[in-house]
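Q: Below are the chains, spelled out letter by letter.
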Amino acid sequence: METLLIIIVGILGVIAITQAVRVFELSAAVKGEDGADNENVTDKDNRNQGMLLLIFMVLLLGGFIAMVIGYKDTLLPVSASEHGVNVDNLWDISMWLIIVVFFITQPILFYFGYKFSGRKDRKAVYMEHNNRLEFIWTIVPAVVLAGLIIYGLSTWSNIMNPVLDENEDPMIVEIYAKQFAWTARYSGEDNQLGYANVRMIGGTNTLGVDPDDAASLDDVITTELHLPVNKPVLFKFRSQDVIHSAYMPHFRLQMNCVPGTKTQFMLTPTMTTEEMRVDPEMQAKVSRVNEIRGERGDEAWQFDYILLCNKICGSAHYNMQMKVVVESEEEYNKWMSEQKSFAELL
Amino acid sequence: MATHEAHDHHHEQSFVEKYVFSQDHKMIAKQFLITGMIMGIIGVGMSMLFRLQLAWPDHSFPILETLLGKWAPDGVMDPNIYLALVTIHGTIMVFFVLTAGLSGTFSNLLIPLQIGARDMASGFINMLSYWFFFGSSIVMVISLFVESGPASAGWTVYPPLSALPQAIPGSGLGMTLWLVSMSLFIVSSLLGALNYIVTVLNLRTKGMSMTRLPLTIWAFFVTAILGVLSFPVLFSAALLLIFDRSMGTSFYLSDIMVAGELLSNQGGSPVLYQHLFWFLGHPEVYIILLPALGITSEVISTNARKPIFGYRAMVGSILAIAFLSFIVWGHHMFVTGMNPFLGSVFTFTTLLIAIPSAVKAFNYITTLWKGNLRLTPAMLFSIGLVSTFITGGLTGLILGDSALDINVHDTYFVVAHFHIVMGLSAIFGMFAGVYHWFPKMFGRRMIKSLGYVHFWVTFVTAYGVFFPMHFLGMAGLPRRYYTNTSFPMFDDLADINVMVSIFAIVGGIAQLVFIFNFFYSATRGKRASMNPWKSNTLEWTTPVEHIHGNWPGEIPEVHRWAYDYSKPGMEDDFVPQTVPIRENEVETGH
Ligand code: HEM
Ligand SMILES: [Cu+2]
Ligand SMILES: [Cu+2]
Numbered sequence: 001m002e003t004l005l006i007i008i009v010g011i012l013g014v015i016a017i018t019q020a021v022r023v024f025e026l027s028a029a030v031k032g033e034d035g036a037d038n039e040n041v042t043d044k045d046n047r048n049q050g051m052l053l054l055i056f057m058v059l060l061l062g063g064f065i066a067m068v069i070g071y072k073d074t075l076l077p078v079s080a081s082e083h084g085v086n087v088d089n090l091w092d093i094s095m096w097l098i099i100v101v102f103f104i105t106q107p108i109l110f111y112f113g114y115k116f117s118g119r120k121d122r123k124a125v126y127m128e129h130n131n132r133l134e135f136i137w138t139i140v141p142a143v144v145l146a147g148l149i150i151y152g153l154s155t156w157s158n159i160m161n162p163v164l165d166e167n168e169d170p171m172i173v174e175i176y177a178k179q180f181a182w183t184a185r186y187s188g189e190d191n192q193l194g195y196a197n198v199r200m201i202g203g204t205n206t207l208g209v210d211p212d213d214a215a216s217l218d219d220v221i222t223t224e225l226h227l228p229v230n231k232p233v234l235f236k237f238r239s240q241d242v243i244h245s246a247y248m249p250h251f252r253l254q255m256n257c258v259p260g261t262k263t264q265f266m267l268t269p270t271m272t273t274e275e276m277r278v279d280p281e282m283q284a285k286v287s288r289v290n291e292i293r294g295e296r297g298d299e300a301w302q303f304d305y306i307l308l309c310n311k312i313c314g315s316a317h318y319n320m321q322m323k324v325v326v327e328s329e330e331e332y333n334k335w336m337s338e339q340k341s342f343a344e345l346l
Numbered sequence: 001m002a003t004h005e006a007h008d009h010h011h012e013q014s015f016v017e018k019y020v021f022s023q024d025h026k027m028i029a030k031q032f033l034i035t036g037m038i039m040g041i042i043g044v045g046m047s048m049l050f051r052l053q054l055a056w057p058d059h060s061f062p063i064l065e066t067l068l069g070k071w072a073p074d075g076v077m078d079p080n081i082y083l084a085l086v087t088i089h090g091t092i093m094v095f096f097v098l099t100a101g102l103s104g105t106f107s108n109l110l111i112p113l114q115i116g117a118r119d120m121a122s123g124f125i126n127m128l129s130y131w132f133f134f135g136s137s138i139v140m141v142i143s144l145f146v147e148s149g150p151a152s153a154g155w156t157v158y159p160p161l162s163a164l165p166q167a168i169p170g171s172g173l174g175m176t177l178w179l180v181s182m183s184l185f186i187v188s189s190l191l192g193a194l195n196y197i198v199t200v201l202n203l204r205t206k207g208m209s210m211t212r213l214p215l216t217i218w219a220f221f222v223t224a225i226l227g228v229l230s231f232p233v234l235f236s237a238a239l240l241l242i243f244d245r246s247m248g249t250s251f252y253l254s255d256i257m258v259a260g261e262l263l264s265n266q267g268g269s270p271v272l273y274q275h276l277f278w279f280l281g282h283p284e285v286y287i288i289l290l291p292a293l294g295i296t297s298e299v300i301s302t303n304a305r306k307p308i309f310g311y312r313a314m315v316g317s318i319l320a321i322a323f324l325s326f327i328v329w330g331h332h333m334f335v336t337g338m339n340p341f342l343g344s345v346f347t348f349t350t351l352l353i354a355i356p357s358a359v360k361a362f363n364y365i366t367t368l369w370k371g372n373l374r375l376t377p378a379m380l381f382s383i384g385l386v387s388t389f390i391t392g393g394l395t396g397l398i399l400g401d402s403a404l405d406i407n408v409h410d411t412y413f414v415v416a417h418f419h420i421v422m423g424l425s426a427i428f429g430m431f432a433g434v435y436h437w438f439p440k441m442f443g444r445r446m447i448k449s450l451g452y453v454h455f456w457v458t459f460v461t462a463y464g465v466f467f468p469m470h471f472l473g474m475a476g477l478p479r480r481y482y483t484n485t486s487f488p489m490f491d492d493l494a495d496i497n498v499m500v501s502i503f504a505i506v507g508g509i510a511q512l513v514f515i516f517n518f519f520y521s522a523t524r525g526k527r528a529s530m531n532p533w534k535s536n537t538l539e540w541t542t543p544v545e546h547i548h549g550n551w552p553g554e555i556p557e558v559h560r561w562a563y564d565y566s567k568p569g570m571e572d573d574f575v576p577q578t579v580p581i582r583e584n585e586v587e588t589g590h
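From first to last, the protein sequence lines are chains A and B.
The opening residue of the first sequence carries number 1 in my numbering; numbering runs sequentially from there.
The opening residue of the second sequence carries number 1 in my numbering; numbering runs sequentially from there.
Since the hints were derived computationally from the structure, they do not count as laboratory data.
Wrong hints could be hidden among the right ones.
Here are the simulated SDA-like pairs of lysine to any residue, each with C-alpha atoms no more than 25 Å apart in a straight line [stated by the list, open to error]:
hint: 1; chain 1: A; residue 1: LYS262; chain 2: B; residue 2: PHE574
hint: 2; chain 1: B; residue 1: LYS567; chain 2: A; residue 2: LEU133
hint: 3; chain 1: B; residue 1: LYS370; chain 2: A; residue 2: ASP121
hint: 4; chain 1: A; residue 1: LYS115; chain 2: B; residue 2: PHE574
Fair warning: this is a prediction, and the values are worked out from it, not measured in the lab.
Here chain A stands alone, though its shape is the one from the complex (with noise of 0.2 Å):
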């Protein structure tokens, strides 16, 4: 009701404003002010405008400070996979650069709308080009972007092929995609999963694994997924109808469900979901949450990893979702036992 108010006395002002400009127009025009020099401005808007753009700069500068402070809670916590620490310093380092550049330019730009407003008395100067300015300012951006692209390149190559021990191989998932859920498959005791395709979807067999298999038969299929902390996993994400996008932001992975094609992305969580939930910056987000939450009268909320779908996928898009739970390996192994593996599922 409140907000309904406030929009329309946004309206009624837009009017209000544009009634009060034509009476001034016109009042204007009677005195005669207004005569060849309203297609032209006056030394006097130019004064006014120019004043103006100074007062937007600090306003945009300013709200751009209130909002890192106030906003600060609501961010993604700390990354709590092992390439995600390295994609945050990445993204630390280009904030950090184009937050210098915003301050620097911005500020220009504005002041110099400000200071150079026009006056008739005054007359500008001619000043076409300047080899050495533009040199400068081709290069510099070429050479901090040089640097920008090396640190990319060698994190993302780092995150599409990591590097692991040599007695380490990673555990492989299946994540697959359906209008509108989730599904886990873990290729179990073998590390391998059995061949799918949708052709086979029949009765119990949801994911369309072939039974004949012989890799099938130990693999667990699970509408949570579970992974131990500390050990790589290698998914591997299938789609059975539209694409989809299997995003688990608090790892900073992200991997698109295609159907027709099977992707992969490897992770190494390293933070438990028990130790996200004492983080103090989770904490802050979670008290701050459920503050709002009981103001409405919905129940508290406990944190959770999450995988949620972020490709359009349907009507249902918005709420696609899979709970995720990283713990201690004895934990992990405790939940796997109590699941049915493929054959006791058929």
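With chain A's structure known, arrange chain B with the ligands on it following the hints.
A: Just chain B with the ligands now, kept in the frame of chain A:
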């Protein structure tokens, strides 16, 4: 009309020939502008509706039921119509407003006038271009009313979602109409672009060498080349999608079971579509942006009363941006599972674009330095454009970096980025163009003070809408979500969403000020003089009353570049291009 009759060597034009099936570039420009504005009202209106949903998800708004009928029972939007609104909003803003509305208007208006031509190379093709656009707009609007709803797979219409009516209702008839509309649009765009290219190459007046072309013309020219090279690829993408949808082919489909039904398609790749789409899609963002930058160059130089700084570098950076824009499309596809090496290549080429973009930004700023700035509404919008171009361009450095894109791809960070760098910059460029060339288009002046009000409300609310979205994205909020309430981790973003929506609604309503000013001034505004901004370019040597053929007598000859403002030794602070070089004038190489 005396001048008109003097020149009119052919028969009197009927009403239909003059205002409807006109072949005069100035009239066609107005047709593009007004059609674009109507589409703009629809597109922005839609964004206000879905912003209501995002800020107040469970609230009942009777207006929604009035407007959307069965799609908003009891005033609460249905998820399908939310996706449809977002899709059509994106399509309309990108193609109808900022491609046809922007290029169509200003390329048509300015190319013949600024290069000194009597009209486009082919008036007839030019007319066809408009009418294809008109047809395309009509089909798009009709698609809003079909039973199963308009296209709702996002403006990028990725298959399989867009190919399968079983997957989402909007992929039924609505999607068919979307594809028909876009096909007409592409035809329009190609006809227009070919005409612009031929005109610029062949019809320049005596003395108008390529290096004396105003930067507006350079921008329109390169934009047209981009369009000719990229739109056919979108056409083929759409055609294959049409085949997959209605003829059982499998270009994009393979191994699919949807809504319990196993499809027979096999062997296709949905990612192929994305390659084809973005091969157009990325150049498309420059098709939108370059004309706006061209307009800004002209407006800033004229109103700073200073030559545009580094003309050659400006032309060079337009060409560099245009070339690079063809080899960066993969940055939209980093997480599709593409070969990581390919991802590296696209990161490399993408970040390179920052260099010519930075050159442009620095050159604009330097043009202001020690100028004698006339802060007209057009000039303010241009300064606004430089600001949003910088802000949005900077976050491009993050998104272009494949390692960083992993975590913000398809989040609100992207929505913030592209709205600021492409949406706002281009809209500001378009407004700057309208305020600046209004006297040329309609022979009348716009009301200055309303222009100021319009600029400030728009500028403040535009930043207010899109700046906070960066933070939403950094909190991990995905785009194209009907509501964020399914995830407690997003509950603390609700306030931000409310603030954004209020800015959006106020900003949207403020456009009424512009619309009033536009139509009022076009019909009843005060008469404009011939060269109101004391500008150098040729369009201001044509009579205020439009005549067919533009100049009553001979086409003027050009003796200098377009940017001799405040040249030392000259009595005025501007020297039109038609003024011959004086004997003792300082040579500047143009
Ligand atoms: C009143 C001004 C505008 C507002 C409030 C607004 C708001 C939004 C929002 C909230 C979305 C949805 C994001 C999502 O769920 O993915 C969106 C999508 C989009 N907007 Fe705007 N927008 C505005 C103007 C523009 C302009 C000027 C453009 C021109 C480029 C534009 C182009 C798009 C595109 C391409 C999409 C993506 C559609 C899709 O996801 O398929 N918008 N807009
Ligand atoms: Cu989805
Ligand atoms: Cu792109």
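Q: All the hints need checking, so say for each whether the structure fits it.
A: Results of checking the hints against the structure:
Among the hinted pairs, LYS262 (chain A) with PHE574 (chain B) is inconsistent with the structure: their alpha-carbon atoms are about 64 Å apart, more than 25 Å. For the hint linking LYS567 (chain B) to LEU133 (chain A), the alpha-carbon distance of about 21 Å falls within 25 Å, and the restraint holds. As the CA atoms of LYS370 (chain B) and ASP121 (chain A) are separated by approximately 14 Å, the hinted pair is consistent with the 25 Å bound. Between LYS115 (chain A) and PHE574 (chain B), the direct Cα distance comes to roughly 22 Å. Compliance with the 25 Å bound is thereby established for this hinted pair.
Hint 1 alone, counting from the list given before, is not met by this structure.
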